[in-house]
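Protein chains: 2
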Amino acid sequence: MDWSIQEIAKMAGTTSRTLRHYDDIGLLKPSRTGHNGYRYYDGPALVQLQRILLLRELGLGLPAIAEVLNRETDTVKALSGHLEWLAREQDRLTRQIASVRQTIDTLKGDGKYMAQDMFDGFDHTQYKDEVEERWGKDAYATSDSWWRSMSPDEKQQWKDRLQKLSADWIAAAESGVSPGSAEVQDLARRHVEWLRGIPGTPTAAPGGDVKGYVTGLGEMYVADPRFGANYGGEAGATFVRDALRVYAEENL
Amino acid sequence: MDWSIQEIAKMAGTTSRTLRHYDDIGLLKPSRTGHNGYRYYDGPALVQLQRILLLRELGLGLPAIAEVLNRETDTVKALSGHLEWLAREQDRLTRQIASVRQTIDTLKGDGKYMAQDMFDGFDHTQYKDEVEERWGKDAYATSDSWWRSMSPDEKQQWKDRLQKLSADWIAAAESGVSPGSAEVQDLARRHVEWLRGIPGTPTAAPGGDVKGYVTGLGEMYVADPRFGANYGGEAGATFVRDALRVYAEENL
DNA sequence: CTTGACCTTGACGTAACGTCAACCTTTACT
DNA sequence: AGTAAAGGTTGACGTTACGTCAAGGTCAAG
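Which chain is which? The protein sequence lines are A and B, in order.
Okay, so the first sequence: first residue is 1 according to the numbering used here, each after it adds one.
Okay, so the second sequence: first residue is 1001 according to the numbering used here, each after it adds one.
I should point out that these hints are in silico values taken from the structure, not numbers from a laboratory.
Hints are not guaranteed to be accurate.
[To be verified] Simulated crosslink set (DSS-like; lysine-lysine; CA at most 30 Å straight-line):
1) K1077/B x K164/A
2) K10/A x K1155/B
3) K10/A x K1211/B
4) K108/A x K1029/B
5) K1029/B x K1077/B
6) K1010/B x K164/A
Values in this document were obtained by computation on a predicted structure and should not be read as measured data.
Build the full structure now, drawing on both the sequences and the hints.
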């Protein structure tokens, strides 16, 4: 006694297309094939199908299910491995949700700082990547591992600090003050201090060419539009560069 | 001043393939194209790219990102909608993880009851689907909404009850007792009582053809291998059928 | 004999690129 | 100037698990 493809599909709560697919990939062959090519399934096949669908609902991939059915892998082992993957996914989702929430909040607050999120430790890192020969080949690796090793809280603090700095730079640039003025020079000092917190850069290393690095960075800020996007346009970047140049000349 | 495809790719932290893809789907066109077909990107393009990558990291799909960039959709609105989807995904994951955990526990406990998980309220439901004309067309809908309206705790209780019943049936069938014996008849009584808990069936409706339904179910238990898989093979199903028939004749 | 209802085998579409493959350009070096 | 190493271009397939036509046989019923 066996059933046609539609019949088992209904019995198992799936579609005939799925059955054909499982046949194609060798996951579940029909127990019998008519001379006309029709697929027929018997009781054991139906039970197998139910097991397949059960595992599928748990999120296992078809190849993994095939392994279990072929007894190449223990069911418990397969599910345990799958569970780990699920846990990682859940974790990723949780963090992504937090990121989206924060981005929304930031956007609602003041659109000016939206791009801020991408201008974190990575940016300076990646930035150096372009000129790594100039200040050391391993700067990237050092900087990258430093950033990765930070806790979310620490990263947030870092970003907050950068955001304040950025806001102050924009305000200064828009106010029309001179880059050489005392208040702007204090901003430059804060900027350099902030830079000193990034390992792998000359500003962090004792005896590094801080002066050359800072003035060089200033030029890059102007040349790289990403920077301008975060500091009030190209004019903002120019302003920052000028201020940093003055500061470097006078203090470094 | 512009850059080659590899240059911006590095600057933005992505690959040239991605850039070509974005060009293909119209998400980000190069600012200039050389006579040789080379793609060149300028500052604004780089900034756009950064925005794209930022949104992508938040999990937005490329079409959604395109809408945001074309100002067809507000960024906040797009992210809010995305957030809902993320929340649903997280919820789904959480429940799936719980299912996997429980399945693992069940498997570790006693392999015999693994298939149990799929033999829940749905099965009787779906079961009736095949013969719905026999006992009412709306049986499925009633039964389905009933099951869906149950809390996870209630569902678990239901499953536990079924599991005990199943274990007792298997034990009885294997012990070699007669289906008409007092102890087995008590099992049959419990089985019918359990069936009465499922709305939309004649066992639950006042004045329903309980006798016909129960004996009919017994026949189906034998005919349907899924049942045998949960009740100790075809012999188990036959045993259950016989016991139910006796019970129905004598008590219903 | 003619409908339907059901079956079959292709084959495209999906999300977002990774990864060759085959071939042309530019850059750098002898 | 010649050549080899980078780097660029356009296809096109592969990935997950089927959904969804499309074109054309098969079977049960009237």
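Structure-based check of each hint:
{"no.": "1", "hint": "K1077/B x K164/A", "in the structure": "holds (27 Å)"}
{"no.": "2", "hint": "K10/A x K1155/B", "in the structure": "holds (24 Å)"}
{"no.": "3", "hint": "K10/A x K1211/B", "in the structure": "holds (27 Å)"}
{"no.": "4", "hint": "K108/A x K1029/B", "in the structure": "holds (29 Å)"}
{"no.": "5", "hint": "K1029/B x K1077/B", "in the structure": "holds (25 Å)"}
{"no.": "6", "hint": "K1010/B x K164/A", "in the structure": "holds (28 Å)"}
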